[in-house]
Amino acid sequence: MFVFTSEEKNKIEKIVGRYPVKQSALLPLLTLVQRRDGYVSPEAMEAIGKELELSPAYVQSVMSFYTMYHAQPTGKYIILFCHNISCQLNGADELLKYTAKKLGTDVGGTTTDKKFTLHQEECLAACCGGPMMRINDTFYENLTREKVDQILDSLP
Amino acid sequence: MQILFKNIDRKGLANIDIYEKQGGYQSLKKAFAKKPEEIIEIVKASGLRGRGGAGFPAGLKWSFLAKDVFPRYLACNADESEPGTCKDRELLEKNPHLLIEGIVATCYACQIETAYIYFRGEFQHASDLMDKAIEEAHKKGYLGKNIMGSGLDLDLYTHLGAGAYICGEESALLNSLEGRRGEPRLKPPFPAVEGLYGQPTVINNVETLCAVPWIVNEGGEKYAAIGTEKSKGTKLVSVSGHVKKPGNYEIVLGMPVREIIFDLAGGIREDNRLKAFIPGGSSVPMLTADKVDVGYDYESLQEAGSMLGSGALIVMDHTVNVVEVTLRLAYFYMHESCGKCTPCREGTRWMWQILGKIQTGEGVGAQVDKLLDICDNMSFKCFCPLGDAAVGPVASSIKYFRSDYDELIKKLEGDKVAT
Ligand SMILES: Cc1cc2nc3c(=O)[nH]c(=O)nc-3n(C[C@H](O)[C@H](O)[C@H](O)COP(=O)(O)O)c2cc1C
Ligand code: SF4
Ligand code: FES
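From first to last, the protein sequence lines stand for chains A and B. Its first residue numbered 1, the first sequence is counted upward by one per residue in my numbering. Its first residue numbered 1, the second sequence is counted upward by one per residue in my numbering.
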C-alpha cells in the first residue's frame with residue numbers, strides 16, 4: 001500500500017502552501033514520489049490526487065506528458081546520456097553505445113541487477129562539456145571511455 | 001566587459017556574505033529610492049532585450065502589464081532546454097543571488113508579490129542551491145515582508161518541471177506551473193494581461209533578470225551605450241561543438257563571430273576548417289563559414305539569414321556531414337512536439353523519417369524536395385513557435401549544404417550498385 005510518512009505530509013503541506021491553487025503542487029508531488037520510489041505507481045497517483053483534490057485519471061494524464069516520471073520501476077541510478085547536437089559533435093553516439101555495452105543493457109533498458117537504467121536524452125544544458133550524462137542529480141561532463149568506466153564502477 | 005559574469009568564478013560566490021561583499025544587493029537600495037514606474041523607464045532606456053530566445057525588449061514587456069489588476073506574478077524561465085544552450089545553468093549554479101536580486105528589483109518595478117523560478121526538471125541540483133540562496137536572502141531581509149522598509153512584500157519559490165522542451169515556451173510554462181500538461185496556450189491574451197492563474201504575469205529568462213541589478217545601479221543610458229544600435233549590452237554566448245575551448249563567454253553585442261570562435265574559444269579543434277555554425281541554438285538557421293565575420297548581435301545575424309536566439313553558438317568543422325546533424329535535430333523536434341497541432345506533430349515525424357532514409361541509403365534525390373515541401377507546409381502554420389523552430393535546421397541545411405545531401409544520396413546509390 002502507498003502511504004506518505006508524516007514527515008512527507010508536512011513537506012506536502014509546505015509545498016501546497018506556495019501556490020494560490022492547490023493543483024500547482026502536482027508536479028512537485030509527482031517529483032517527490034518519483035525520487036523516493038523511482039517510479040509513480042497507480043496507488044501513488046491516487047494518493048497524490050487525494051492530496052490535491054484531483055482524480056487519479058487526471059493525475060495520470062498530466063504525468064504522462066513529462067518524460068521524467070516513470071510508471072514502471074527504474075534502476076537505482078537513472079543515467080540520462082545526452083545525444084543532442086553539441087554532444088553528438090563530440091562523440092556522444094560512440095560513447096553511448098560503449099556505455100550500453102558496458103552495462104549490458106539496451107538504451108532505454110534497466111540492468112538485470114536493477115542498478116542502472118540507461119536513457120538517451122535530449123540536450124541537458126551542459127553543451128560546452130559534451131559528451132555528458134546525468135546520473136540521478138549529478139552532471140558528468142567531458143566524458144571519455146575511461147571516465148565512464150571510472151564513474152560507473154565507483155557508484156555503490 | 002563583465003556585467004553578468006563579474007566574479008563568476010570567485011569561490012563561494014553563491015554564499016550571501018561573499019555576494020554582498022562584492023557589492024551584491026546594492027541595487028535594491030537604489031531601486032527602492034525610486035518609484036516602480038521609474039525603474040521600468042530605466043530598463044526601457046537600457047534597451048535590454050529578452051535573452052530567452054525572442055529578444056523582446058524587457059522594459060516594454062513590463063509596461064504591458066494590465067493596469068491596476070492584482071495580484072500579479074513573475075515567472076522566471078529557467079527551463080534552459082534549447083540544444084546548445086548552457087549559460088543559464090552557469091549563472092544559476094555559480095551566482096544564484098544575482099538572479100534573486102534581479103527578481104526583487106523587477107518585482108518592485110512591476111508590483112509583484114509572488115514569484116516563481118521554473119527550472120527544467122533536470123536542474124534539481126541548481127534548484128536545491130537556489131532554495132538555499134532564497135533562505136539566506138529571507139534571513140537578510142531581501143525577501144519576505146516589507147523588504148528593506150520599501151513596503152514591498154515578496155515571496156519567491158522554486159518550481160521544477162519534469163522533462164519537456166516545450167515547457168520553455170512561456171504559455172506552456174504557465175500551464176506546467178499550474179499543474180497541467182505543458183501545452184502552449186492561444187495568444188492573445190498575452191501573459192502580461194492574462195497569465196498565471198489568469199492574472200497579469202511577467203515572464204523573463206534568467207539572463208535577462210540577471211542584467212537588471214547592473215542597469216539599476218549604473219543607469220539605463222550607461223547600459224545602452226554598450227553594444228550596437230539595436231543590440232544593447234552584453235550577452236552570454238555558449239560556444240560548443242568543434243572548438244578548442246568550449247564554454248560560456250560574455251561578449252559585448254556586435255563582436256564578430258570570428259573573434260568569438262577564434263579568439264575566445266581558441267579556434268577550431270585540430271586546426272580543422274570551419275564548415276558551418278548555428279549562431280543561436282538549434283532552432284535558428286545554420287550559416288556557412290563565409291558568414292564568420294558577421295557581428296554577433298540581433299540585427300546582423302538576422303540580416304545574415306539567421307537569428308541570435310538563445311545565444312548558443314554551435315560550431316562545426318569540415319569533417320561534419322550536415323545531414324547527420326540535421327537528422328539528430330529533426331529527431332529532437334519530433335520527440336519534443338507536444339502533439340497539439342497537426343502540422344507540427346505530423347511534419348516533424350515526416351521530416352525525421354525522410355532524413356533517416358537519406359542517411360541510411362534508402363534516399364533518393366526527390367526526397368530532398370519533399371523535405372522542402374514539408375518545411376513550406378509547416379512554416380507559420382503551427383500553433384506555437386516550436387513548429388517554425390523545427391523547420392529552421394532542415395530548411396537551412398538544404399539551402400546551404402544541398403551538396404551534402406546529394407553526395408550522400410549519390411554515394412549510397414553507388415554503394416547499392418556495387419553490392
Ligand atoms: C519551443 C520554445 C522553447 C523555449 N525555451 C525557452 C527556454 O528554455 N528558456 C527561456 O528563457 N525561454 C524559452 N523560450 C522563450 C519563451 O517563450 C519566452 O519568450 C521567454 O522566456 C521570455 O523571456 P525573455 O523575454 O527574458 O527572453 C522558448 C520558446 C519556445 C517557442
Ligand atoms: S507547434 Fe508543435 S509544440 Fe507547438 S502546439 Fe503545435 S504540436 Fe505543440
Ligand atoms: S547537446 Fe548535450 S548537453 Fe546540450
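Don't take each hint at face value.
Mimicking DMTMM-like on lysine to aspartate or glutamate, the simulated pairs with C-alpha atoms at most 25 Å apart in a straight line are [what the hints assert, rightly or not]:
id, chain 1, residue 1, chain 2, residue 2
1, A, Lys-22, B, Glu-113
2, A, Lys-101, A, Asp-113
3, B, Lys-244, A, Asp-93
4, B, Lys-244, A, Glu-141
5, A, Lys-97, B, Glu-324
6, A, Lys-76, A, Asp-93
7, A, Lys-11, B, Glu-178
8, B, Lys-245, A, Asp-93
9, B, Lys-145, A, Glu-13
10, B, Lys-94, B, Asp-68
11, A, Lys-102, A, Asp-149
12, A, Lys-97, B, Glu-362
13, A, Lys-11, B, Asp-153
14, B, Lys-245, A, Glu-146
15, A, Lys-14, B, Glu-324
16, A, Lys-14, B, Asp-128
17, B, Lys-245, A, Glu-94
18, A, Lys-76, A, Asp-37
19, A, Lys-9, B, Glu-362
20, B, Lys-11, A, Glu-141
21, B, Lys-411, A, Glu-94
Treat the hints as calculated values from the structure; they're not laboratory data.
* Asked: Are the Cα positions of B/Lys-94 and B/Asp-68 separated by 25 Å at most?
  -> 37 Å, violated
* Proposed proximity, B/Glu-362 with A/Lys-97 (alpha carbon, max 25 Å) -> The hint holds at about 24 Å.
* Assess, step by step, whether the Cα of A/Lys-76 is no farther than 25 Å from the Cα of A/Asp-37, and give holds or violated. => 9 Å, holds
* Holds or violated: are the alpha carbons of B/Lys-11 and A/Glu-141 at most 25 Å from each other? -> Status holds; Cα separation ~20 Å.
* Would you mind confirming whether the straight-line C-alpha gap from B/Lys-245 to A/Glu-146 stays at or under 25 Å? => 21 Å, holds
* For the pair we were handed, A/Lys-9 and B/Glu-362, check the Cα-Cα distance against 25 Å. => 57 Å, violated
* Asked: Regarding the pair B/Lys-145 and A/Glu-13, is the alpha-carbon distance no greater than 25 Å?
  -> Judged against 25 Å, a Cα distance of about 21 Å means the pair holds.
* Asked: Taking 25 Å as the top limit, are the C-alpha atoms of B/Lys-245 and A/Glu-94 close enough?
  -> Holds, because 22 Å separates the two Cα atoms, which is no more than 25 Å.
* Asked: Given the proposed pairing of A/Lys-102 with A/Asp-149, does the C-alpha separation stay at or below 25 Å?
  -> 8 Å, holds
* **Pair hint A/Lys-14 and B/Asp-128, alpha-carbon separation not exceeding 25 Å** => 16 Å, holds
* To do: Given the hint that A/Lys-97 pairs with B/Glu-324, test it: the Cα-Cα distance must not exceed 25 Å.
  => 17 Å, holds
* Within 25 Å, alpha carbon to alpha carbon, are A/Lys-11 and B/Asp-153? -> Judged against 25 Å, a Cα distance of about 24 Å means the pair holds.
When each numbered hint is compared with the structure, violations occur for hints 10, 15, 19.
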